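Student: Here is what each chain is made of, one letter per residue.
There are 2 protein chains.
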Amino acid sequence: MSLIVQKFGGTSVGTVQRIDAVAEKVARFRDQGHDVVVVVSAMSGETNRLIALAKEIQEQPTPRELDVLISTGEQVTIALLCMALHKRGYAAKSYTGSQVRILTDDAFTKARIREIDDQRIRHDLAQGRIVVVAGFQGIDENGNITTLGRGGSDTTGVALAAALKADECQIYTDVDGVYTTDPRVVDTARRLDKVTFEEMLEMASLGSKVLQIRSVEFAGKYNVPLRVLHSFQEGPGTLITLEDNSTMENPAISGIAFNRDEAKLTVVGIPDTPGVAYQILGPIGDANVEVDVIVQNVGQDNTTDLTFTVHRNDLSKAEAILRETAAKLGAREVKTDAKICKVSLVGVGMRSHAGIASQMFKALADVSINIQMITTSEIKISVVIDEKYMELAVRALHSAFQLDRPSTP
Amino acid sequence: MSLIVQKFGGTSVGTVQRIDAVAEKVARFRDQGHDVVVVVSAMSGETNRLIALAKEIQEQPTPRELDVLISTGEQVTIALLCMALHKRGYAAKSYTGSQVRILTDDAFTKARIREIDDQRIRHDLAQGRIVVVAGFQGIDENGNITTLGRGGSDTTGVALAAALKADECQIYTDVDGVYTTDPRVVDTARRLDKVTFEEMLEMASLGSKVLQIRSVEFAGKYNVPLRVLHSFQEGPGTLITLEDNSTMENPAISGIAFNRDEAKLTVVGIPDTPGVAYQILGPIGDANVEVDVIVQNVGQDNTTDLTFTVHRNDLSKAEAILRETAAKLGAREVKTDAKICKVSLVGVGMRSHAGIASQMFKALADVSINIQMITTSEIKISVVIDEKYMELAVRALHSAFQLDRPSTP
Numbered sequence: 545m546s547l548i549v550q551k552f553g554g555t556s557v558g559t560v561q562r563i564d565a566v567a568e569k570v571a572r573f574r575d576q577g578h579d580v581v582v583v584v585s586a587m588s589g590e591t592n593r594l595i596a597l598a599k600e601i602q603e604q605p606t607p608r609e610l611d612v613l614i615s616t617g618e619q620v621t622i623a624l625l626c627m628a629l630h631k632r633g634y635a636a637k638s639y640t641g642s643q644v645r646i647l648t649d650d651a652f653t654k655a656r657i658r659e660i661d662d663q664r665i666r667h668d669l670a671q672g673r674i675v676v677v678a679g680f681q682g683i684d685e686n687g688n689i690t691t692l693g694r695g696g697s698d699t700t701g702v703a704l705a706a707a708l709k710a711d712e713c714q715i716y717t718d719v720d721g722v723y724t725t726d727p728r729v730v731d732t733a734r735r736l737d738k739v740t741f742e743e744m745l746e747m748a749s750l751g752s753k754v755l756q757i758r759s760v761e762f763a764g765k766y767n768v769p770l771r772v773l774h775s776f777q778e779g780p781g782t783l784i785t786l787e788d789n790s791t792m793e794n795p796a797i798s799g800i801a802f803n804r805d806e807a808k809l810t811v812v813g814i815p816d817t818p819g820v821a822y823q824i825l826g827p828i829g830d831a832n833v834e835v836d837v838i839v840q841n842v843g844q845d846n847t848t849d850l851t852f853t854v855h856r857n858d859l860s861k862a863e864a865i866l867r868e869t870a871a872k873l874g875a876r877e878v879k880t881d882a883k884i885c886k887v888s889l890v891g892v893g894m895r896s897h898a899g900i901a902s903q904m905f906k907a908l909a910d911v912s913i914n915i916q917m918i919t920t921s922e923i924k925i926s927v928v929i930d931e932k933y934m935e936l937a938v939r940a941l942h943s944a945f946q947l948d949r950p951s952t953p
Numbered sequence: 545m546s547l548i549v550q551k552f553g554g555t556s557v558g559t560v561q562r563i564d565a566v567a568e569k570v571a572r573f574r575d576q577g578h579d580v581v582v583v584v585s586a587m588s589g590e591t592n593r594l595i596a597l598a599k600e601i602q603e604q605p606t607p608r609e610l611d612v613l614i615s616t617g618e619q620v621t622i623a624l625l626c627m628a629l630h631k632r633g634y635a636a637k638s639y640t641g642s643q644v645r646i647l648t649d650d651a652f653t654k655a656r657i658r659e660i661d662d663q664r665i666r667h668d669l670a671q672g673r674i675v676v677v678a679g680f681q682g683i684d685e686n687g688n689i690t691t692l693g694r695g696g697s698d699t700t701g702v703a704l705a706a707a708l709k710a711d712e713c714q715i716y717t718d719v720d721g722v723y724t725t726d727p728r729v730v731d732t733a734r735r736l737d738k739v740t741f742e743e744m745l746e747m748a749s750l751g752s753k754v755l756q757i758r759s760v761e762f763a764g765k766y767n768v769p770l771r772v773l774h775s776f777q778e779g780p781g782t783l784i785t786l787e788d789n790s791t792m793e794n795p796a797i798s799g800i801a802f803n804r805d806e807a808k809l810t811v812v813g814i815p816d817t818p819g820v821a822y823q824i825l826g827p828i829g830d831a832n833v834e835v836d837v838i839v840q841n842v843g844q845d846n847t848t849d850l851t852f853t854v855h856r857n858d859l860s861k862a863e864a865i866l867r868e869t870a871a872k873l874g875a876r877e878v879k880t881d882a883k884i885c886k887v888s889l890v891g892v893g894m895r896s897h898a899g900i901a902s903q904m905f906k907a908l909a910d911v912s913i914n915i916q917m918i919t920t921s922e923i924k925i926s927v928v929i930d931e932k933y934m935e936l937a938v939r940a941l942h943s944a945f946q947l948d949r950p951s952t953p
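Same order as they appear, the protein sequences are chains A and B.
Start counting the first sequence at 545; every next residue gets the next number (our numbering).
Start counting the second sequence at 545; every next residue gets the next number (our numbering).
If you're looking for bench data, these hints aren't it; they were derived computationally from the structure.
Misleading hints may appear alongside valid ones.
What the hints assert, rightly or not - Straight line, CA to CA, 25 Å or less: simulated DSS-like cross-link-like pairs of lysine-lysine: (1) A:Lys599 x B:Lys569; (2) A:Lys906 x A:Lys932; (3) A:Lys631 x B:Lys654; (4) A:Lys861 x A:Lys872; (5) A:Lys879 x A:Lys861; (6) B:Lys599 x A:Lys631; (7) B:Lys654 x B:Lys569; (8) B:Lys599 x A:Lys569; (9) B:Lys631 x A:Lys654; (10) A:Lys906 x A:Lys872; (11) A:Lys738 x A:Lys569; (12) A:Lys599 x B:Lys654.
The structure displayed is predicted, hence computed values, not measured ones.
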């Protein structure tokens, strides 16, 4: 018998019928003798409905009151799910964030969990009850209701699993696991049985948005085994663990991530002196624009070029700042390009495999794709290329690294 | 400067526009220098929407979870009203029942308030904040969310006013005060400036449903001056106080109440022996049927007749029980009549005025209405008559007791 935390998102509990189906799934786990704690989101659409009400009143709703308002969404779901369990004859009890006492800081609408009191939940589990907890919400030291920000229900699930030392935290979603890449791009994309937290973080931040990145960080930090599963289909899903089981026999690469949310800015002909990168990127950071890939070319004639990428929505803001800095520095030119994309190979196996990068560049050259920028980390190699070659690049890499073949166990 | 508790019901906060209008009204009171605590209900329709969701899942929703569910309704309103106050530049803070700590018993869906912690609210008032509290809800000793049952927001308002020793508890509603009788029946019905709690209780229980009867009892018990006002019209409303200002100069009667929710049962020819009333009414009470008016005729030939009224919905249930008892007792006959109504004169002035009853019977006789039953209390005389004469009786009495004329101050 083990202790399982199961988290169901808004789509999984979007209607009364779906809540019934979730109850059925939870009940089956309970039947297997597991202790079950269920974390649920608001019914899909509900949070947006509440926010719309607030905005009708106040364009920028007061954060404290916004949290009081939107935290009702999950409270509705916990009650309905308990009723659906009671109807099936299962003992179940609901908890709001405040009732568990999920203590957070007081950063309304984006609070962070500080501490979870596990007493009451443990007591209920010992009595044989299924415990149903409202995700996304907590309470600060002064008893104010807080929310963790969008997607915070995943974080609640992982944090509860950590506090309860659960054997597994299952995140139910609308995909049946983590794939080698997006199946909509590569039809031979394969579900992974296992990935490591590090890989998952790289995949998530690169656009394979199966899980909230904060919840993965959290799970990694507290070593909570995380499993991604489909809400309404059977299957083992993908287990995300600390364990790195890549070997010489196993493939070096777990997956291919990509995104086209970025835009590229280049400043040409700047003095090649110490501190110039800071002079350029400092003002960008000060304007709260996040910079992703940064490449500085080796200079000629005591000048150099600097290229970096930002989120596409921030392009015009970043460009204005960059032009100002460029003028001050006497730069030759500022160029921008929004039609780019980033494609990344991710895999902890890279650590023990040589030659992955050159293999990647060859695969792209074979299909005549020009690489504009390259950046590498210990478990990831990213290239920036022309947006129109994105699918081609992903398919070429998926095939070159044989990701369509199941890994040998 | 005084401390005012204002309660706004579901219709008054039924839309975002109305919440804005309520904020405007509250702000005007604050501008006058009063400390203001506002109690609100769920937006009209919201509680029913939530109950419908619950019933889709479970025909008889678990009471604890039902309370978790429906208490979200008021939580939405407190947040929105605070936003509307913030928009106008007023400091305001919302409280759920649990955050105030409105401690109740654990009778889910119909809990009773045990104690209110006034610390946090007093602190906020001292800081110049308007305090907005969710009506209808509380928390039990074990931290479970409870609700006070339908209309419980009035009770919350009165209980808060009592705990804070407020100068007045204002109940905003869709009528501009308490009337001598229903203006839809008598067009000269007049708004009363003042009534006593006792009168209000008799009026409320007799069908002039302006206020929840529990809240009036509560206000009487703790001597909280209660004022009924219209949410969106100006006017002084009706003040409900302990003070009995009836004198020889003032009219003995405050108002005329009526209802047609009752049905009459008669058992004829039962042994005129001690305990026979109990033998007949005991089984009725055991079946949770409430008996209202009871009249026993003086017997002839050692037999007697007993007549009583029950709620019309309980008639068939009561009749079945009565027929069984009647058979046991060897009664001659059981008769029922659902086409009756009850009309009552109410007034604390009756205590100091003689002859009210005969004046009442004469007024009814003048319009040829036959009285079927009579029952009296210290401040009330009720008659049961044929349903079809109800409006006629009310009008005749309203005129006979000159209720259309303003009372001399």
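Student: Compare the structure with each hint and give your call.
Tutor: Evaluation of the provided hints:
no.: 1; hint: A:Lys599 x B:Lys569; verdict: 21 Å, holds
no.: 2; hint: A:Lys906 x A:Lys932; verdict: 19 Å, holds
no.: 3; hint: A:Lys631 x B:Lys654; verdict: 22 Å, holds
no.: 4; hint: A:Lys861 x A:Lys872; verdict: 17 Å, holds
no.: 5; hint: A:Lys879 x A:Lys861; verdict: 14 Å, holds
no.: 6; hint: B:Lys599 x A:Lys631; verdict: 11 Å, holds
no.: 7; hint: B:Lys654 x B:Lys569; verdict: 31 Å, violated
no.: 8; hint: B:Lys599 x A:Lys569; verdict: 21 Å, holds
no.: 9; hint: B:Lys631 x A:Lys654; verdict: 22 Å, holds
no.: 10; hint: A:Lys906 x A:Lys872; verdict: 40 Å, violated
no.: 11; hint: A:Lys738 x A:Lys569; verdict: 23 Å, holds
no.: 12; hint: A:Lys599 x B:Lys654; verdict: 34 Å, violated
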